[in-house]
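Q: Since each chain sits alone in its own frame, please combine them into the complex, following the hints.
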Amino acid sequence: MDSAIEVQGLTKTYRTGVRRHVRTAVSALHLDVPGGRIVGLLGPNGAGKTTTLKSIMGFVRPDAGTIRIFGEDARAAGVHRRLGFLPEQPYFYSYLRGEQTLGFYGRLCGMDAASRKTRSAELLDLVGLTESAQMRLSKYSRGMLQRLGIAQALINDPELVILDEPASGLDPIGQKEMRNVILRLKDQGKTVLLSSHQLSEVEAVCDSVSIVDRGRVRREGTLDELLNVSNANSITAVGKADGLDDELKGIAEEVIRTGDTYRIAVPAPRTYEALGILEREGLALLEVVPKRLSLEEYFIRLVEGERRGD
Amino acid sequence: MAIRTLAVNVFMDVVRKKALYVLVLFGAALLLAIPVIPSFGLGVQLDLFRDLALGLTSLFGVVIVIAVGVNQVPGEVERRTVYNILSKPVGRTGFIVGKTLGLILTMAVVMAAMTTMSVIGTAVYFGRVELGLYAAGWAMFMEVTLIGAFVVMVSTVASPPVTTMLTIAFYFVGHVKTALLAPLVREGISSVVIAAANVIPTLENLNVNDLAAHGAPVPVGRLALLTLYALAYAAAFTLIAIAAFSRKDL
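One line per chain: the protein sequences are A and B, in this order.
Take 1 as the starting number for the first sequence in this note's numbering and just add one per residue.
Take 1 as the starting number for the second sequence in this note's numbering and just add one per residue.
FYI, nobody ran anything at the bench for these hints, they're computed from the structure.
Since we're looking at a predicted model, the values are computed, not measured.
Please note that the accuracy of each hint is not assured.
Unchecked claim - With a Cα cut of at most 30 Å, we get these calculated DSSO-like pairs of lysine-lysine: (1) B:LYS18 with A:LYS117; (2) A:LYS139 with B:LYS17; (3) A:LYS117 with B:LYS17.
Chain B on its own, in the form it takes in the complex (with noise of 0.2 Å):
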């Protein structure tokens, strides 16, 4: 219950402090984004549409998993609400993993809310009820649920600017990690290198926007490994950062 508890207060404290008027944002980037498609074939213009649709919801997604996260932990700790907390049978353990679970939380009703924006959209202009949207949404959720979790993880050591900037680097890193990489597997590089290179996880195998933006279904198969790609890194992150706060002097 304490997890819970701890979990529902990070999302009605999103929705107390109407971070969610970005979503306002978002559906009237949609609908001003309309007149700008150029005016090619319907197909072009409805997979243009999808493309620019999901590219907004990863930018947003990430910036306000970004703006979200990177100050549940230390904010606690600053204005000292974190003591009454932690003198309930709640541990450490149980206090990271509620303000990460909230941050999934609140990173799912955003998520599902600017891909069913997205998906009205297409209803709505272009007669076409694009469900398959859905999965490319999913994949999308799961990326900030993984981003989610390392921001969390900074922020038990770090300051929210550096967390941010950390994340950022992190997000970038993630999504060019294979482009850096491949000049240096051909050379033959060592796979210790490899493997090192991998504590960063490849945030590319989590888009599935291109096929998405393309109306092209995403197999199930795929959905499932990337489901459990991102649940794996998330929960590591996650143990770090419960052994990082839990050596922490409060």
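If we strip away everything but chain A, and leave its shape as in the complex, we get (with noise of 0.2 Å):
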């Protein structure tokens, strides 16, 4: 599968303070997003996220390094034209209104009239503003100019569409209804970079992840290279027995108990010496799967361990 976005040794430092202190925000880091899928990017704040998707979209100029889009160098002329940004909370002409908004933008690309008429309608009902298209943004919500950060964003249909931080602002049902713009965006072929700090939403929508932190990419790869826990399964059954603990003891390598469900992980090897522990017990078995940690397990133990030198 071709890259839709190349990234090698990329590398920014800036100056700050009175003394012009030298920070490093990205030191060597390559990414690689397959064209088609889905990629999240993910660190702790200041890890140099912002910093590779404003080299990326052309807003900073890197120390050293080269990005491709699409094979062509990032800075070529015309690369833009194919792809679709969502700043971190975009800011908008206040004075402008929902549907101007999205012709001035539609302009920008160079779309013709009929073409911006059209696709205005289209995305303001896909992001659910076609009842406030007429309305100044001086008066829309947070939420309200997140949405339409993302309908600018797909104004001209680009083929690539990097966001940052797409849930910001938006309450849950609006968080549901980003991640099936994103999901859809997939289905038509489209590829998605985004960077968010919502570790629940990159883990129900993307394909794979980038984890940096400290200006590298610290470990990458699809979620369930990441997550699946290798020679170990985790065991759910629900009863009554007091004792458990003791009895795995030794066996478990964990053991969580919310009210009469237990979620028991065990090495692949004991697992059948565990479920005849829980069959003694009387306790039911829900189900028995490879352990899994969740994406936010995942990131802390990643970012933790590396604090620590690990």
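A: The structure is reproduced here in structure tokens:
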């Protein structure tokens, strides 16, 4: 599969403060976004995610490295015809109305009047802003501005969409709708690179993730590759069994009890042994599956491990 | 289309902010000037009115071009609206050219309006339609075009207050440069220094108010030359602005 974005050796430093201290935001970062996939870019605050996105978009000049979009230099004229961008907490001209705003960006993309009108109506419907199309943006809520932001990112029907914190400011229903929009983009064969702190959102839509910390990609891969814990199973059972912890001591890696529900992590070779204990204690077995971390658990373990120098 | 869209957006923003209401102030100033002009002979009074009108037009023009131009680039960067624009196939060159052309478009409307009000003033109070004032109006429009390009250039690297101060200094030096250099030229200053001094345009080259104030026609050749002069400097400033903005981290 051809890459939509290839970043090789990206390095960017900033000089900050009165004494112009050098701060390295990104150091020899490599990132590959395959075409037609949804890739998540994760990292703690200050990891270099925004600098990476800004470098891809040409908003900052890297000190070193190459960035190619669909095989072309990212700085080439015309590359931006094929991509759309949603900045974090987008800002617009508050005196424009919703439909006018999309018309403005449509004109910047070289769209004719008929195309702008049709596309604006489609996108306003997609993001649930049809009824607010004639309202001035100064009256829009933060969530409405976020929705308009995704609409303007899609105005030119781009092949590649880059989203920086797409769920920012959205209520749970809005977040679900945003996820549906992103998944629809994938169904249309588009490529999406999204940066987000909402790990549940990333886990729900992304095919793969790249985790950035202190300016470098620390881990990358599909969610199955990263989150499935090899050679371990997770058993879920329900019932009342005092003393189960003692019974499983030495066998289980972890026992989490929520009310009458037990979630037990065991090494694969000792799974049957654990199942035997649960049966003896009279618990009802609900499921046995390969142990899988949540993205949040994996992310926290990775970042904290990096901090400790593991 | 992108450059035109950005240029029109600049003008519409000025209209929306009601900045053009300053033209009302200009008109009021002209009206108030009539009783102030001493009662000499009609010809002298007319000369004085033309001089006053052209002086006010020049002053208002410079103030407006600085006020409108100083925040065109920094404002977009600070408000972060620049990201949405530059994410589209516009490019940093298109952005700067669009902003500069928008400022020029705005000043064209402003200068045309003020000159027209002056012509109407002469017609109403002196019974004469002084179309010659449009030649001076064109020269002043060329001056504010050059100044506008300078404002945009400086604003790509400096804050609005610094840009304002530098532009005022630029305007002042541009008008007194010849007088400042004259004694040095007589003493035989090196041509290198003179060449360096020409980095700042001689704004007096664009001044035809003395001719127009006395009702004398402005030669077409002179208008053409000053137009080329102003546009050459404006183009140079715009190229520098593009180069500076292209290197800027946003």
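Q: Against this structure, judge whether each hint is valid.
A: Each hint, compared with the structure:
Between LYS18 (chain B) and LYS117 (chain A), the direct Cα distance comes to roughly 29 Å. Compliance with the 30 Å bound is thereby established for this hinted pair. Distance check on the hinted pair: LYS139 (chain A) and LYS17 (chain B) sit about 18 Å apart at the alpha-carbon level, within 30 Å; holds. For the given pair, LYS117 (chain A) sits about 27 Å from LYS17 (chain B) by alpha-carbon distance, which is consistent with the 30 Å threshold.
Checked against the numbered hints listed earlier, the structure breaks none of them; every hint is satisfied.
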